[in-house]
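Chain by chain, the residues run as shown.
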Amino acid sequence: MDSPWDELTLAFSRTSMFPFFDIAHYLVSVMALKRQPGAAAVAWKNPLSSWFTAMLHCFGGGILSCVLLAEPPLRFLANNTNILLASSIWYIIFFCPRDLVSQGYSFLPVQLLAAGMKEVTRTWKIVGGVTYANSYYKNGWIVMIAIGWARGAGGTVITNFEQLVKGGWKPEADEWLKMSYPAKVTLLGSVIFTFQHMKLLAVSRHNLMFLYTMFLVATKITMMITETATVPFAPFEDTLSRMLFGWQQQFSSCEKKSETKSSFNGTGSSTSKPIAVASDTVKKKHTKKSE
Amino acid sequence: MDSPWDELTLAFSRTSMFPFFDIAHYLVSVMALKRQPGAAAVAWKNPLSSWFTAMLHCFGGGILSCVLLAEPPLRFLANNTNILLASSIWYIIFFCPRDLVSQGYSFLPVQLLAAGMKEVTRTWKIVGGVTYANSYYKNGWIVMIAIGWARGAGGTVITNFEQLVKGGWKPEADEWLKMSYPAKVTLLGSVIFTFQHMKLLAVSRHNLMFLYTMFLVATKITMMITETATVPFAPFEDTLSRMLFGWQQQFSSCEKKSETKSSFNGTGSSTSKPIAVASDTVKKKHTKKSE
Amino acid sequence: MDSPWDELTLAFSRTSMFPFFDIAHYLVSVMALKRQPGAAAVAWKNPLSSWFTAMLHCFGGGILSCVLLAEPPLRFLANNTNILLASSIWYIIFFCPRDLVSQGYSFLPVQLLAAGMKEVTRTWKIVGGVTYANSYYKNGWIVMIAIGWARGAGGTVITNFEQLVKGGWKPEADEWLKMSYPAKVTLLGSVIFTFQHMKLLAVSRHNLMFLYTMFLVATKITMMITETATVPFAPFEDTLSRMLFGWQQQFSSCEKKSETKSSFNGTGSSTSKPIAVASDTVKKKHTKKSE
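Protein chains in written order, with full-length UniProt numbering: chain A, 1 to 291; chain B, 1 to 291; chain C, 1 to 291.
Excised from the complex, chain A in its bound form:
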């Protein structure tokens, strides 16, 4: 007989994302598109192009997952119900009289609610990706992590690629040095759910889904309210870096003579301790742009 906690988490894990959580996800995605400079003008001049970009924003993670598993990237277009829902939200957002939806979205409680519900869909996507990849490759835990990650946070790759092809995005070489917060938190979730799927974690999936989702929603709402990019990972990242890459102390003094370190900003001392490395990593996080 399950405890009330088990019943709660089990019922939570069986919640369908359609329609309310999906609506929140589409709302947040299309509003992010609308805030890009020139997006509204594109919607008037070439609605088809604007609609297509909005679809990429809404379904980008699934498209990337299809590309990586050699499935038809167009498959998302076959799900007529979700496409109709996302298209309606796109239409309402861009063509509502007096721009009512954007004005309604500018209230913080509305943004918090929508962002929180979107984070719930993130968990569902990660779990779906991990399970699906396991059906392809039985012991391919790296593939499971990758597909979970792609579904949960891969939309940015697709939308950035579309902008690259359109000429509206010039990738900066150092953008890839800093992983965004959604990318990090989705990778963490993907690793956790993969370990759970392979029976390496002694926790049931529905409990893990509930805990991870609460963590996602809490940190996201906290970050939005305090308007900072403080991430809770800094101490753990430093510890992990020191354990795995702790040789950098001796490493850096030899390397300085042979490598051009254009991306380094004055770490110069040969007596640099791991603390200097840690402070570099902490400095990096405070300048990371939120996504």
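Check the hints yourself; a few may be wrong.
For lysine-lysine, the following DSBU-like pairs were computed, each having C-alpha atoms within a straight-line distance of at most 30 angstroms [as the list claims (entries may be wrong)]:
1) C:Lys166 x B:Lys166
2) C:Lys220 x B:Lys166
3) C:Lys199 x C:Lys184
4) B:Lys118 x A:Lys166
5) C:Lys138 x C:Lys199
6) B:Lys166 x C:Lys118
7) B:Lys45 x C:Lys45
8) A:Lys45 x B:Lys45
9) A:Lys138 x A:Lys220
10) C:Lys45 x A:Lys184
11) C:Lys184 x A:Lys220
I should point out that these hints are in silico values taken from the structure, not numbers from a laboratory.
We have chain A; now place chains B and C onto it with these hints.
Below, chains B and C alone, put in the same frame as chain A:
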């Protein structure tokens, strides 16, 4: 007992594209490649690269359709007969003594005939794409429209992408605001044939193929003879825009305060009527470059 | 009863690439990555990104082959043993105390041995690609050549594309005019093995593998010792060019009036003979950067 009209359209729809219509399509495609600056020099210096680009121009639509349906993009190379034909045409065009083929192609009747026959292949590609996508997704009418469109006019996407990777093409952000004439007419055809395939239009396929092809050929030849980019779509596009996006009147006055409208050229008045929107759309068409 | 020669070549063709030849291939690939400016800094700041780039360098040819045949590009991640081996080599190269591995690799005998063993893996990849493509398309000899080529030398396409997306690589339009030595020699091998597979060459596969590998290793080591980019292909390329494209003599005089030849450097004379063409090709090879 079929009428003479039915017999004509039925015989027309059973015409094979191989070899004469295919030859015309390859001829127009490779001549378009040859007219690009530096193409002949590339053919001398690196014939393999030039041959590959020519193949992308000839088979680009099919390649894009394969990519979208997760089929081997190299599949077109397995059709040895067509590859041999296209390769021979590439070789003759680029390496003919005294450049005879280019000189022959410069006569307008030759261009009109080749362009007309190429437009016939467009219909066959659209119909093939719609039918093929239907075998993948039974009710996926959006997928059917997309694949019909990809096969009929998707070659430009593939060749532009190849140039992007090679460094010879810098995409302009506003290119995507204007859909080219072939893209529009292929989209229209794809929608029509999808509706016919799903029994929403009370016309047989062979009749529709004949009528649509005659429309394509007539407009293409008229545009080439009159040397204008006048398109017959402007009135219908205006009507459709006004019906679907007719709220823009109130919309634009609120939007002006919140959005940077860098791509707008002096529509500034808050009393802008749908006619101003229509005149913008008409102005856009007269400056569209023909393809 | 096989001759000693047959036994030798047969035993050679049955050698497994795992683990020693694979280790050499990963070593050479990751050292090539490490020598790029800024690579060590990326490894410190974002180890995950550096690890992913190293995996693309090690498995790029197989990834390209999967993309071309519409198989999951992530498939290489399912081979846990090879991924673990390549990851260990990446970790040791980038994070070894006092950079011991790079210093050890700077000795010429070590480089020669590793490069020689890497060339052996090239033969195995070409043969694997040709055989695999034949299982897809029975008579598709162009596909077989393409897949053999992709597996043997396609890694550069994948790594260049990754850099293009990251913003660290601007493709030069004339890079594609010059095929690198590995690309040429892999194409030659792919053609030879395809012909052998289709019974057009009266030589057994194991004999061909042995001879081709010896040719690869000998030319690679000679080029590294003499530190030149002299390629043994120049006379054959000239002969082939003259046979296939010998009309250029009359061709060039007509073309000069109609084409901008920005990539031509003063070939201007209308009495240019095929020898001028040959000297251009020879000049081109002496300036080709080695890979």
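Here is what the structure says about each hint:
no.: 1; hint: C:Lys166 x B:Lys166; result: holds, 16 angstroms
no.: 2; hint: C:Lys220 x B:Lys166; result: holds, 27 angstroms
no.: 3; hint: C:Lys199 x C:Lys184; result: holds, 23 angstroms
no.: 4; hint: B:Lys118 x A:Lys166; result: holds, 28 angstroms
no.: 5; hint: C:Lys138 x C:Lys199; result: holds, 13 angstroms
no.: 6; hint: B:Lys166 x C:Lys118; result: holds, 28 angstroms
no.: 7; hint: B:Lys45 x C:Lys45; result: violated, 42 angstroms
no.: 8; hint: A:Lys45 x B:Lys45; result: violated, 42 angstroms
no.: 9; hint: A:Lys138 x A:Lys220; result: violated, 33 angstroms
no.: 10; hint: C:Lys45 x A:Lys184; result: holds, 14 angstroms
no.: 11; hint: C:Lys184 x A:Lys220; result: violated, 53 angstroms
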